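Line by line, the protein sequences give chains A and B.
So this note's numbering is basically just the index in the first sequence, starting at one, shifted up by 2.
So this note's numbering is basically just the index in the second sequence, starting at one, shifted up by 22.
Just so you know, these hints were derived from the structure itself, not from any lab.
In this text, all values refer to a predicted model and were calculated from it rather than measured experimentally.
We put the beta carbon where it would ideally sit given N, CA and C, even for glycine.
You can take every hint at face value.
Now the stretches of chain A that chain B is said to cover, found in silico as 3 or more residues with beta-carbon under 8 angstroms:
#1 88-97
#2 100-110
Label pairs and their calculated CB-CB ranges:
#3 Gln247/A <-> Val61/B: 48 to 56 angstroms
#4 Ala215/A <-> Arg48/B: 39 to 47 angstroms
#5 Asp69/B <-> Gly150/A: 37 to 45 angstroms
#6 Ala29/B <-> Pro51/A: 20 to 28 angstroms
#7 Asp45/A <-> Glu36/B: 24 to 32 angstroms
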Amino acid sequence: MSDPIIFDRAQVRRQRDRAAATLAEHDFLLQESADRLVDRLEDVTRSFPVALDLGCHGGELSGRLRGRFGIETLVSSDLSPRMAEKARAGGALAAAADEETLPFAEGRFDLVISNLSLHWVNDLPGTLLQIRRLLKPDGLFLAAMLGGETLKELRQAMMDAELAEEGGVSPRVSPFVDVKDAGALLQRAGFSLPVADVDPVDVTYGNPMTLLADLRGMGETNAVAVRRKTLTRRGTLMRAMSAYQERFAGPDGRMPASFQILTITGWTPAK
Amino acid sequence: MPTTLTAIDPKLLELLVCPLTKQPLRYDAERQELISDAVQLAFPIRDGIPIMLPSEARSLEE
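The shape of chain A in the complex, shown without the other chains (with noise of 0.2 angstroms):
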């Protein structure tokens, strides 16, 4: 295996697995990239018997699709059992399964969509071609991700505070695929009509703990493969937290937090 390891994905189970129980509380951002997978969908002029919804969280995606888009079998998948349990609760056929190595028989979908997961796969080349591969001729993928906008005055807050009390910084908050690269990444996996676009989520905090709680409760902090094993020091968390205040705070006082979405849309050829 030459591919590197950046994620560590039992990492990313255990954070989802956490998370499931009291996902509602902070769900903010799936619940406004699901409304705009789709607002997209609602573009596109054909029916999808057969759809997955792949990453599916607590299945808050799934819960708009169903019953719509001339949907008949929606398969909705985490790879945090907990998760897909939460998504069947909603009534789902949920199943729990790795985006790396997808359990699903090729050419049987009309559309696979993913709500904010595959930001967190290793080898996404390799997870487009399985997914390009699920799909049926003219077959839709479409996907919401996490761009690299995203987070940047956390990130930038947790460098100058590690910088300040420890002399030097480690990775924080994962790296994320270019929009640049997005549509050569499609075009290589084989689906054609490849598009890739981003788009803003601004929101604002009234402290930058309340954003770190989010993070968490939606299982999205940091799962690095490389990221340090111990936890920050009271110390570090404390500097970064003010180091946001001081470097953002807009004049009501509150923080604001860029979220980016990268979205991907991509058809399977025609037979």
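With chain A fixed as given, assemble chain B onto it according to the hints.
Frame of chain A; chain B shown alone:
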């Protein structure tokens, strides 16, 4: 009926393959497992949810 709550949906079953070999799986209804013969792994079905993670599969090798 509680049994229908925990049973795996046949529509889901027919869309699943082994995540490693992509070959069809054998359904063991009694043990609630999906068996991949080529790699001798049994994937558990818990409360109707197939857990298709190799790390959770039971090895069938002696």
